[in-house]
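Engineer: Read off the chains here:
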Amino acid sequence: MAIPVEMPKMSDTMEEGVLVAWLAEEGDAVSAGDVIAQVETDKATMDLEVYDDGVLLKRVIEEGDAVPIGGLIAVLGKEGEDISDILAKYQAGTAEAAASGDGAEAEAEAADAPAAPAGGDGAPAARPEPVPATAEGEGRIKASPLARRLAGEHGIDLAAVSGSGPEGRIIKRDIEALIGAPKAAPARPEPARPEPARPEPRPAEAEPLYEAVPISQMRKTIARRLAESKFTAPHFYLQVDVNVEPLVAFRRQLNELAEAQGRAKVSFNDLITKACALALRQHPQVNASYLEKEGEIRQYKAVHVAVAVAIDEGLVTPVIRHADQKGLAQIAEETRALAEKARDRKLQPEDYTGSTFTTSNLGMFGIEEFTAIINPPNACILAIGAIRDVPVVRDGEVVPGKRMKLTLSCDHRIVDGAVGARFLATLQQYLEEPMNLLL
Amino acid sequence: MPEMQLREAIRAAMTEEMERDETIFLMGEEVAEYNGAYKVSEGMLDKFGPKRVIDTPISENGFAGLGIGAAMNGLRPIIEFMTFNFSFVAIDQIINNAAKIRYMSGGQFKIPIVFRGPNGAAGQLAATHSTSVESIYAIFPGLKVISISNPDDAYGLLKSAIRDDDPVIFLESELMYGMKGHVDLDPERTIPIGKARIAREGEDVTIIGHNKSYWVAMEVADRLAHEGYSAEVIDPRTIRPLDFDTILASVKKTNRCVVIDESNPYASIASEIGFRLQEQAFDYLDAPVMRITAKDVPAPYAKNLIEYYMPQADDAYEACKKVMYVN
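If you read the protein sequences in the order shown, they are chains D and Z.
Take 1 as the starting number for the first sequence in my numbering and just add one per residue.
Take 1001 as the starting number for the second sequence in my numbering and just add one per residue.
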């Protein structure tokens, strides 16, 4: 019997996955555990394994297609087996208005199809259509009644609108986005507007004004989480300028030892990770989350420090668990391994969840100081600047010195100024007397 | 405004009306000597005597019919059912006589009677003692159905029900009898039948709930508010005649609606509201109307199951998010 391969739920926050690459051809024999494709979720690119033996009879979707959880990706079975039943079943799921998220490609295609279905390309008919044009044939356009009415009032062809509701349903906000209304829907029925906004006439053969880049799952997640953080957590910022001369000397000594023993070199970032972890241990109010929904503040018993890592597609924050209990060499090795996994998009959910604090370092770009947006549900994030050679006054004389600016962003709902300042003072002390990191 | 329990507000309404009009009397099981199964009528026997506060045998069909006959002859009875589950024994009297005599007599008889008592589930009372009856009685033209969610509405609406010349089914709640709230005591103040109350104004979704479900609706609205969504909460208060104008105006504003209703789902109050919305607000709906009701089974006895059986705030919250297209 043929077996459907569906989009699995690969992370807690995943809603759909994009098939990045097929690794098996139609007709290939596969066995349980084989990887047949790679799927991009909101967090990482993960391998899609099959759970059964058989022949890959059909690749239902193309590379680059997004499929909701439970949507059909491929069909396995015996050579030459009839799979029309399975395909029909999933297609029926798509066609039914109220069906639950079974692959919505047909609709997506219909909705994405360019406007102006027929007729002369030259002069676009600017006359508003009172009734929204429905795509002919099987591709019924799904739109909420309200969206349909609004589209009609504004002369918008629904076939040209892509819906953001379930299964591509066109809803109020999709139409509002097109007509640029902030919040329409008057309480009283209004007579249809006399001069509806006309769709932009298409320039004949002009250069496109921009390149439309699809928003990746990771980009969506970054956008959502950081917007949520900045808009709900009232941020304030505290800064210290740390004397890092002792830290530079300390690191040199450490790395001579590390080199001799063939262990990973310790970076400044690793030292700061460790210092943060030890300081967090002493300041439980900072190692905490403000959870409005649950109606409580959680002060975590463990210290898990996340480190922001820039990758081509965006940004991830792998976590060094129990960083306060780990030695510097171990932190260095783990950080390196996680950063590598991040760049290869191989991080697993357990690698990037559960942080209690986050650091972000732009020192390597020569950024002297910056402010970072808190990584929810953390209470604070530390922005690390570059080490600068600066003239400092010592014993009444101007001498060369080394300084580094650290900026702590605090969520004022949970961390007050004095609490943040005390934490930062402890952190500074660890970095200026780095032998304490070994105690 | 004094703060009082729901049972005290109901008692105050009955007492004030009985002082005002001596044709009014209270009748039911345990209403007199025992001071009421839920102490709603406490002290009323002492105050009004046994001719106006009357204990009955366990014979709902008998005393409901007696009340209807009294109403036809010019009195204004208040009939208490110990629970509305027991009204099923008297349902022929209520449906075929109370609801229809005025119509069948060409208006020669008025039936100014109130049937009142607790409705719906109240914990582990099992299948036969947990029914929500509002959709059953609201089906019949000729009956008015009121279901209250707080002491002040109970006070104002019960007075209107007693003064009304048609039979009124007045639904209370065992679980809410001890609930306290401010009541604007004023012998001449009534709340009109057929007017919903907008308990909370909002823009993003309309949540409708009556009786206990109203409090579920408010809880959900609070949770949504924490996340920055504003829900409009409507307590219909009167189930029939339903103040659909208020609901319609709200849904035309928010474009979305979730109904919370303790009825079993089939042909429930939620069904009625949902149907009328698709009929009258079709072009204003941005999402299907959703309902959260009791489960479609007889009420279970086990504690975990009866809790699950009831409309869940979590489900209503998810439904609101779904119709707002947010997650």
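Note that these hints are calculated values from the structure, not bench results.
This structure is a prediction, so every number in the text was calculated from the model and none was measured.
Don't take every hint at face value.
Said to hold, decoys possible - Using 27 Å as the maximum straight-line C-alpha spacing, the simulated DSS-like pairs for lysine-lysine come out as follows: (1) Z:Lys1039 / Z:Lys1303; (2) Z:Lys1322 / Z:Lys1295; (3) D:Lys220 / Z:Lys1322; (4) Z:Lys1321 / D:Lys9; (5) Z:Lys1039 / Z:Lys1180; (6) Z:Lys1322 / D:Lys230; (7) D:Lys89 / Z:Lys1039; (8) Z:Lys1322 / D:Lys293; (9) D:Lys230 / Z:Lys1321.
Engineer: Confirm or reject each hint.
Structural biologist: Evaluation of the provided hints:
1. Restraint check for Lys1039 (chain Z) and Lys1303 (chain Z): the C-alpha separation of about 26 Å stays at or below 27 Å, so the hint holds.
2. A distance of roughly 20 Å separates the Cα atoms of Lys1322 (chain Z) and Lys1295 (chain Z); the hinted pair therefore holds under the 27 Å criterion.
3. For the hint linking Lys220 (chain D) to Lys1322 (chain Z), the alpha-carbon distance of about 19 Å falls within 27 Å, and the restraint holds.
4. Taken as a hint, the Lys1321 (chain Z) and Lys9 (chain D) pair is honoured in the structure, with Cα atoms around 21 Å apart against an allowance of 27 Å.
5. Distance hint between Lys1039 (chain Z) and Lys1180 (chain Z) is fulfilled; the C-alpha atoms sit about 15 Å from each other, no more than 27 Å.
6. Between the alpha carbons of Lys1322 (chain Z) and Lys230 (chain D) the distance comes to roughly 25 Å, so the proposed pair stays at or under 27 Å and holds.
7. Restraint check for Lys89 (chain D) and Lys1039 (chain Z): not satisfied, since their Cα atoms lie roughly 60 Å apart, outside the 27 Å limit.
8. Restraint check for Lys1322 (chain Z) and Lys293 (chain D): the C-alpha separation of about 18 Å stays at or below 27 Å, so the hint holds.
9. Of the supplied pair hints, the one linking Lys230 (chain D) and Lys1321 (chain Z) holds, its CA atoms being roughly 22 Å apart against a limit of 27 Å.
Checked against the numbered hints given earlier, this structure breaks only hint 7.
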